[in-house]
Amino acid sequence: KAGVTQTPRYLIKTRGQQVTLSCSPISGHRSVSWYQQTPGQGLQFLFEYFSETQRNKGNFPGRFSGRQFSNSRSEMNVSTLELGDSALYLCASSGTEGDTQYFGPGTRLTVL
Amino acid sequence: AQKVTQAQTEISVVEKEDVTLDCVYETRDTTYYLFWYKQPPSGELVFLIRRNSFDEQNEISGRYSWNFQKSTSSFNFTITASQVVDSAVYFCALKAYSSASKIIFGSGTRLSIRP
Numbered sequence: 001k002a003g004v005t006q007t008p009r010y011l012i013k014t015r016g017q018q019v020t021l022s023c024s025p026i027s028g029h030r031s032v033s034w035y036q037q038t039p040g041q042g043l044q045f046l047f048e049y050f051s052e053t054q055r056n057k058g059n060f061p062g063r064f065s066g067r068q069f070s071n072s073r074s075e076m077n078v079s080t081l082e083l084g085d086s087a088l089y090l091c092a093s094s095g096t097e098g099d100t101q102y103f104g105p106g107t108r109l110t111v112l
Numbered sequence: 001a002q003k004v005t006q007a008q009t010e011i012s013v014v015e016k017e018d019v020t021l022d023c024v025y026e027t028r029d030t031t032y033y034l035f036w037y038k039q040p041p042s043g044e045l046v047f048l049i050r051r052n053s054f055d056e057q058n059e060i061s062g063r064y065s066w067n068f069q070k071s072t073s074s075f076n077f078t079i080t081a082s083q084v085v086d087s088a089v090y091f092c093a094l095k096a097y098s099s100a101s102k103i104i105f106g107s108g109t110r111l112s113i114r115p
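From first to last, the protein sequence lines are chains A and B.
Quick note on numbering: the first sequence equals residues 1 to 112 in my numbering.
Quick note on numbering: the second sequence equals residues 1 to 115 in my numbering.
Chain B on its own, in the form it takes in the complex (with noise of 0.2 Å):
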């Protein structure tokens, strides 16, 4: 079975400070694909990233990087000099290739980003 832990429910920050977001993840794939999105208020889901289980490298697009690390299954998101327009609800997601196309929501982290 695939699980998507996000333990944080809610986090609250000063704008300009750093904020990290965890997502712990579950699957006994070998092969599989990891996703963050943002959902602000309007509701649609925008798409931030993508990783594939064979590529473990670190990301980095502007103010926002992704820690993926197969040794503890964690896909970890930060946001740096955060502002706030990132305010918004953040998921983790998860798809097992056996899976095929159904994807695995995290419960989502709530981030305020206090000016």
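The shape of chain A in the complex, shown without the other chains (with noise of 0.2 Å):
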């Protein structure tokens, strides 16, 4: 089975600016959730996505947004871009609720 993929792997963005990105899940998976990663917080939750509902939610402002499609892709939109939203976006993907999740390569968004 192909692994999680996400799109895209690099992004540079300004602040103020909006920004989309795609995660497909492995095929079957049906839950997709979302991690932000920092140098200075490290990994956080950010929400995830079971059905086309938003099942899970991190404590992140409104600005971070989300939805999945009924082939289980999923997309994360962040508006108003800040300077602190620099980051690795990471998604995820399992079976069942309980299952593990599995990651793709993250994108990495750059705000200048």
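Keep in mind the hints are simulated off the structure, nothing from the lab.
Honestly, I wouldn't trust all of these hints.
Stated by the list, open to error - DSSO-like mimics (lysine-lysine), calculated; alpha carbons at most 30 Å apart, straight line:
#1 B:Lys102 <-> A:Lys13
#2 A:Lys57 <-> B:Lys3
#3 A:Lys13 <-> B:Lys70
#4 B:Lys70 <-> A:Lys57
#5 A:Lys57 <-> B:Lys38
Keep in mind that this is a model prediction, so the values were computed, not measured.
Build the complex from these two chains, which are given one at a time in their own frames, with help from the hints.
What follows is the structure, given as structure tokens:
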């Protein structure tokens, strides 16, 4: 089976812009979770989608949003970018709620 | 609240040495899952192992072994006869049953294996 894929792998944006990241889960996986990784805060949970519904959400401002499509692919959007949003954004998929999460290669976002 | 502590920020050993990465967790849930992930310089988190709270059996996989002790809330990871390719950041993680899919990660241990 193909692994989790994320596009794009690298992004450079300027403050105030918005960005959309995409994640395609492992075939058959219906749960997609998003994480932000920064040197200062480490790995932090953003949100999780299952069958097109957000099931769980971390402590991030409303500028961070996401959605999931009927084919389980997911997108996350960050509006009004700030310098502090520069990070590696990781997507993970799993088969069911208790299953192991498998991660994609990440999207490295740089905000200038 | 759930918490994962990896007290060792960085470890450097010479190739072929054994090395143990420590992990201590906190949770009030009686059902939970523990994980170890490896993050090489490429950035992708690679799944290594998962342990359920009701299964305290230790596990060995090749040069890797894991020691799960509920009495001390620890889930330590040992690499035997380390190799340069083992150099990476290793994360211990916890998923409590009550937290659905949310995984709490430790701060990671950067392991450097010197030739």
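Against the structure, the hints come out as follows:
1. B:Lys102 <-> A:Lys13: 28 Å, holds
2. A:Lys57 <-> B:Lys3: 17 Å, holds
3. A:Lys13 <-> B:Lys70: Cα-Cα ~46 Å, so violated.
4. B:Lys70 <-> A:Lys57: 28 Å, holds
5. A:Lys57 <-> B:Lys38: Holds, at roughly 24 Å.
Hint 3 from the list above is the single one not met by this structure.
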